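> Construct the entire structure; sequences and hints are all you get.
Taken in sequence, the protein lines are chains A and B.
For reference, each letter of the first sequence is one residue, going 1 to 429 in the numbering used here.
For reference, each letter of the second sequence is one residue, going 1 to 564 in the numbering used here.
Everything labelled a hint here was simulated from the structure, so no lab data went into it.
Note that the structure is predicted; figures quoted are calculated from it, not measured.
All C-beta atoms, glycine included, are put in the ideal place defined by N, C-alpha and C.
Where hints are given, some of them may not hold.
[Unchecked claim] Among the chain A residues that face chain B by a calculated CB cut under 7 Å, a handful are:
hint, residue
1, 66
2, 126
3, 159
4, 206
[Unchecked claim] Ranges of calculated distance between the beta carbons of each label pair, as one might list FRET restraints:
hint, chain 1, residue 1, chain 2, residue 2, range
5, B, 126, A, 282, 49 to 57 Å
6, B, 196, A, 335, 40 to 48 Å
7, A, 194, B, 191, 35 to 43 Å
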Amino acid sequence: MPWPTGVSPMAIEDDVLVIGGGIAGLTSAIAAAETGARTRLVTYKQSTLGNASGLVDVLGYAPGDDAPRADPYDALAELPSEHPYSKVGADAVREGLALFDDAVGDDYLGNHSEANALVATHAGSVKPTARYPRSAAPGLVSDDRDMLLVGIDSVTGFDAPMAADHLSAAGVPFDVRGETVRFPKSFPQDADVTRYARALDRDESVDDGTVREVLADRVEAVLEDERRVGFPAVLGDSRHEVVRTELQDRLGVDVFEVPTGPPSLPGLRLEDALYDAAEDAGVRITSGNPIVDYDADGGRVEQVLMDRMGSEVAYEAQQYVLATGGPVGGGIESDRGGVEESIFGLPVEHPDDRYEWFEDDVWGDHAYTEFGVSVDEDLRPVAGEDAQFENLRAAGNVIGGYDFATEKSGSGVSLATGYVAGSEAGELI
Amino acid sequence: MSEPSTIVIGGGATGVGTARDLAMRGIDVTLLEKGNLTHGTSGRMHGMLHSGGRYAVTDQHSAEDCMKENRILRDIASHCVEMTGGLFVQMPEDDDEYFQQKLEGCRECDIPAEVLSAEEVLEMEPYLSEDLERAIHVPDGAIDPFRLCVANAVSAENHGARIETHSEVTDLLTEDGEVVGVEVEHKSGSGSRVHGAAGETEEIYADHVVNAAGAWAGEIGAMAGVDVEVIPSKGVMTIMNVRQVDMVINRCKPRGNADIIVPHETTAILGTTDEEVEDPEDFPEEKTEVDFLIEEMSKMAPILEESRTLRSYWGVRPLYEPPGTGTEDTEQVTRDYFLLDHTERDGLDGLSTIVGGKFVTYRKMAEATADHVCELLGVDAECRTADEPLPGSEDGAILSDAMDRYGLRSPLARRNKQRLGSRYDDVLSGADPNPVVCDCEGVTRAEVQDAIESAGTDLNSVRQQTRASMGTCQGGNCSHRLAAELHPEYGEAAARAALEELYQERWKGQRHALWGEQLDQATLNHALHASTMNRDRDPTDVSVDFESFDAGHAVADGGESDGD
Numbered sequence: 001m002p003w004p005t006g007v008s009p010m011a012i013e014d015d016v017l018v019i020g021g022g023i024a025g026l027t028s029a030i031a032a033a034e035t036g037a038r039t040r041l042v043t044y045k046q047s048t049l050g051n052a053s054g055l056v057d058v059l060g061y062a063p064g065d066d067a068p069r070a071d072p073y074d075a076l077a078e079l080p081s082e083h084p085y086s087k088v089g090a091d092a093v094r095e096g097l098a099l100f101d102d103a104v105g106d107d108y109l110g111n112h113s114e115a116n117a118l119v120a121t122h123a124g125s126v127k128p129t130a131r132y133p134r135s136a137a138p139g140l141v142s143d144d145r146d147m148l149l150v151g152i153d154s155v156t157g158f159d160a161p162m163a164a165d166h167l168s169a170a171g172v173p174f175d176v177r178g179e180t181v182r183f184p185k186s187f188p189q190d191a192d193v194t195r196y197a198r199a200l201d202r203d204e205s206v207d208d209g210t211v212r213e214v215l216a217d218r219v220e221a222v223l224e225d226e227r228r229v230g231f232p233a234v235l236g237d238s239r240h241e242v243v244r245t246e247l248q249d250r251l252g253v254d255v256f257e258v259p260t261g262p263p264s265l266p267g268l269r270l271e272d273a274l275y276d277a278a279e280d281a282g283v284r285i286t287s288g289n290p291i292v293d294y295d296a297d298g299g300r301v302e303q304v305l306m307d308r309m310g311s312e313v314a315y316e317a318q319q320y321v322l323a324t325g326g327p328v329g330g331g332i333e334s335d336r337g338g339v340e341e342s343i344f345g346l347p348v349e350h351p352d353d354r355y356e357w358f359e360d361d362v363w364g365d366h367a368y369t370e371f372g373v374s375v376d377e378d379l380r381p382v383a384g385e386d387a388q389f390e391n392l393r394a395a396g397n398v399i400g401g402y403d404f405a406t407e408k409s410g411s412g413v414s415l416a417t418g419y420v421a422g423s424e425a426g427e428l429i
Numbered sequence: 001m002s003e004p005s006t007i008v009i010g011g012g013a014t015g016v017g018t019a020r021d022l023a024m025r026g027i028d029v030t031l032l033e034k035g036n037l038t039h040g041t042s043g044r045m046h047g048m049l050h051s052g053g054r055y056a057v058t059d060q061h062s063a064e065d066c067m068k069e070n071r072i073l074r075d076i077a078s079h080c081v082e083m084t085g086g087l088f089v090q091m092p093e094d095d096d097e098y099f100q101q102k103l104e105g106c107r108e109c110d111i112p113a114e115v116l117s118a119e120e121v122l123e124m125e126p127y128l129s130e131d132l133e134r135a136i137h138v139p140d141g142a143i144d145p146f147r148l149c150v151a152n153a154v155s156a157e158n159h160g161a162r163i164e165t166h167s168e169v170t171d172l173l174t175e176d177g178e179v180v181g182v183e184v185e186h187k188s189g190s191g192s193r194v195h196g197a198a199g200e201t202e203e204i205y206a207d208h209v210v211n212a213a214g215a216w217a218g219e220i221g222a223m224a225g226v227d228v229e230v231i232p233s234k235g236v237m238t239i240m241n242v243r244q245v246d247m248v249i250n251r252c253k254p255r256g257n258a259d260i261i262v263p264h265e266t267t268a269i270l271g272t273t274d275e276e277v278e279d280p281e282d283f284p285e286e287k288t289e290v291d292f293l294i295e296e297m298s299k300m301a302p303i304l305e306e307s308r309t310l311r312s313y314w315g316v317r318p319l320y321e322p323p324g325t326g327t328e329d330t331e332q333v334t335r336d337y338f339l340l341d342h343t344e345r346d347g348l349d350g351l352s353t354i355v356g357g358k359f360v361t362y363r364k365m366a367e368a369t370a371d372h373v374c375e376l377l378g379v380d381a382e383c384r385t386a387d388e389p390l391p392g393s394e395d396g397a398i399l400s401d402a403m404d405r406y407g408l409r410s411p412l413a414r415r416n417k418q419r420l421g422s423r424y425d426d427v428l429s430g431a432d433p434n435p436v437v438c439d440c441e442g443v444t445r446a447e448v449q450d451a452i453e454s455a456g457t458d459l460n461s462v463r464q465q466t467r468a469s470m471g472t473c474q475g476g477n478c479s480h481r482l483a484a485e486l487h488p489e490y491g492e493a494a495a496r497a498a499l500e501e502l503y504q505e506r507w508k509g510q511r512h513a514l515w516g517e518q519l520d521q522a523t524l525n526h527a528l529h530a531s532t533m534n535r536d537r538d539p540t541d542v543s544v545d546f547e548s549f550d551a552g553h554a555v556a557d558g559g560e561s562d563g564d
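Here it is in structure tokens:
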């Protein structure tokens with residue numbers, strides 16, 4: 001490939017270059033850095049973790065299951081051979097989780113058991129997950145203590161009375177009730193949840209005291225015999241443990257958060273924790289600009305090119321990890337004619353006819369939800385049987401062949417494949 | 001003597017318009033609709049307020065009606081109308097002579113028409129092709145069919161009419177060669193729809209029955225043994241996620257396929273095609289139609305080729321021509337309406353059918369029908385629907401006063417006002433707090449609750465009234481929030497069923513836009529609803545062995561622990 005005009009002649013050099021700043025990219029970068037390789041992570045945008053619940057699912061359902069699985073490793077054995085878990089094996093899942101536990105420390109629980117936990121969702125359903133934020137721990141639905149859910153009348157994403165009735169309909173082993181209270185401070189009607197979190201972080205003053213005091217008073221007024229109280233996930237951002245602990249102390253019962261949709265504070269907190277861990281592991285992080293192109297020679301990626309406000313900057317490494325995500329993250333792109341991977345133009349298996357990408361039932365077994373690159377046993381993207389580049393590995397949702405949302409495996413696949421791609425890349429240095 | 005009674009079958013524009021007209025003349029009216037209001041063609045049109053320019057060359061009678069009604073609707077339904085203006089754009093391959101005919105035709109039909117140069121056009125609409133030759137400017141506009149139909153129904157109710165949705169007419173009752181009433185199946189009982197409520201059957205008797213069932217008019221006629229030969233003709237429409245144009249854009253060539261763009265609220269709607277189908281409820285929706293539409297329209301507005309589409313949908317026109325006319329191409333069938341007097345035509349008393357016509361001429365069709373019914377029933381009352389504004393359009397001044405009263409910030413306030421018109425005050429007073437439920441379209445709780453009052457648990461009807469879930473995310477971020485608004489009154493099971501129905505309906509149209517950014521959006525929606533909420537494997541449907549899962553462990557952080 002000829003040098004495009006505007007390319008800086010001096011490439012930035014590292015041993016391992018990871019492209020993508022989601023869970024898979026961060027895991028890959030930490031795993032690579034831990035082998036001693038000089039590692040850089042480049043990410044275009046803030047990752048998609050603001051959309052994520054902050055729960056770390058490994059595998060909740062095997063193909064054909066209606067009921068959730070308590071043991072994810074049992075279910076793992078039933079997956080088809082093209083599933084990324086089948087490529088990397090159960091040990092890689094355990095290694096990925098170990099890396100995660102190490103990276104986030106006390107912020108997450110669940111590592112005392114290989115069994116899945118069941119967590120209430122903000123819609124009042126329950127879902128199986130492997131690791132949960134400390135702030136969600138008292139809300140586990142396998143725990144049989146009675147529960148009060150508290151909604152905020154101006155936060156429409158979580159309707160506590162409805163979620164409570166839904167949980168009851170699901171047959172949870174405890175009594176659950178929902179109440180709605182008014183937040184101590186009022187905001188513009190289109191304020192998002194971060195505004196509520198900030199008011200709690202700063203414990204802003206209101207007429208009858210502070211936001212935390214008044215909120216606790218209002219909840220106390222509706223609390224009966226329940227020993228635990230769940231709120232939508234708005235209980236603080238940077239000081240969330242302080243906020244939650246204070247509410248617990250004031251109410252004298254456990255307080256937990258129910259993970260909610262975007263913008264998801266538990267997702268954003270997880271992102272912060274993983275970035276901190278990556279920096280601690282010595283990963284160099286470059287953010288804000290996209291990788292748009294690459295240069296290859298003889299089946300090896302020589303360098304990738306970043307578009308920095310119109311001029312191209314080269315990043316060079318011996319090994320590369322592609323962790324750009326699926327369609328939401330921007331790693332996979334499509335038009336009316338077809339689907340491919342965004343940077344290297346890697347092939348993505350898809351039916352020729354666009355009308356076979358979906359099923360008519362929204363919950364059907366769609367093709368589009370599994371779009372992603374195919375990989376070999378070393379997670380190198382392939383066309384047919386052949387690895388496209390000997391020094392390029394893929395991790396996370398850029399890999400196809402599984403529907404993380406349906407099987408509840410999103411973060412787990414990212415951790416397992418991220419661990420394998422990152423550590424193998426690092427060990428080759 | 002009790003007042004004369006009528007039944008109107010069909011809750012599209014013509015049906016609700018007829019119900020309103022009859023009710024305003026003091027006649028007892030029951031309107032029956034098998035789905036929600038606008039369930040049929042009215043809810044699946046392109047939202048164009050025709051000036052009549054489109055028909056000015058070959059169908060001048062329709063064109064004149066369109067222009068007259070266009071003027072009336074701007075007065076009586078101002079909160080449903082956006083007067084964008086429209087253009088007939090001539091491309092290099094389009095005939096000069098036809099352009100001239102169009103211009104003269106408009107003038108003959110009293111449609112204000114002005115020729116603009118390419119330069120003038122591109123200044124107004126910069127995304128149109130630079131190759132265009134020139135254009136004719138006409139008073140086309142955009143109209144919200146949902147809002148218009150609901151306003152007509154509300155007005156009819158205010159004048160004493162009974163409006164029953166989700167109530168399907170299953171038979172016409174006849175006695176001695178006369179239609180005397182209908183048998184109707186209320187899917188969830190009479191009144192507002194409630195998911196899970198038991199259905200019931202009712203026989204309703206009336207002095208006269210009006211068949212305004214549009215594409216389904218033939219099926220209704222058949223129940224009394226009369227032939228109504230509606231020609232159902234399907235057309236596809238594709239919704240873009242932004243307004244690439246601010247005026248209605250028509251291609252200036254003989255009426256054909258894929259030649260209209262209508263700016264509608266935050267979106268632009270591309271239309272359309274014209275193809276006869278057998279069954280108005282079951283016909284193929286094909287990829288080739290969507291591709292054709294985008295490719296054809298891109299010739300006039302090249303930006304559309306790469307633009308994001310939100311969804312596509314198909315409508316079925318209830319075209320009609322008198323038996324024996326024999327027009328072969330549906331595109332050439334007249335857009336005139338026909339009022340069928342079955343006494344004269346078939347020797348059957350007690351039934352009239354109103355069919356054909358355009359959405360824009362619904363009021364005139366209703367007037368003609370009501371005149372006919374009044375004459376039959378011996379009622380001497382004038383039509384007032386051309387003069388009396390619809391609820392929401394009564395007083396423009398109220399709008400400017402109310403701007404700041406509810407702490408609504410622009411552009412939220414502006415959009416709330418546009419949708420509610422002069423009902424703004426009624427709907428928003430007493431709503432505290434009034435958070436936004438649908439972010440894409442800026443729909444607040446008060447508007448949603450207002451719509452629920454008439455729609456019951458029918459969230460698709462709430463959607464049509466408020467535009468909630470009609471924006472970029474297609475309900476991914478708000479469908480569950482809308483369902484939660486039902487919970488206090490209707491309970492969890494009904495709210496969950498209503499959510500499922502809305503979410504499936506939103507998916508139906510998105511399937512036809514499943515590439516590029518909308519595929520990305522669909523993937524995100526799937527993640528939120530299946531992964532974050534686990535709605536695809538809802539545990540209420542299965543038995544879960546809760547004890548086999550991780551029950552947590554002591555959380556030593558100041559609160560209580562579960563002691564294990």
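> Hint by hint, note whether the structure agrees.
So, going through the hints one by one against the coordinates:
1. At its closest, the beta carbon of residue 66/A sits 5 Å from a beta carbon of chain B; the interface hint therefore holds under the 7 Å criterion.
2. Look at residue 126/A: its Cβ gets to within about 5 Å of chain B, closer than 7 Å, so that hint holds up.
3. Because the beta carbon of residue 159/A sits about 3 Å from the nearest beta carbon in chain B, less than 7 Å, this interface hint is met.
4. With its C-beta approaching chain B no nearer than about 15 Å, residue 206/A sits outside the 7 Å limit, and its interface hint is violated.
5. Taking the beta carbon of each, residue 126/B and residue 282/A are about 51 Å apart, inside 49 to 57 Å as hinted.
6. In this structure the hint that residue 196/B and residue 335/A lie 40 to 48 Å apart at CB holds, the actual value being about 42 Å.
7. The supplied range of 35 to 43 Å is met by residue 194/A and residue 191/B, whose beta-carbon atoms lie about 42 Å from each other.
The structure fails to meet hint 4 from the earlier list, while all remaining hints are met.
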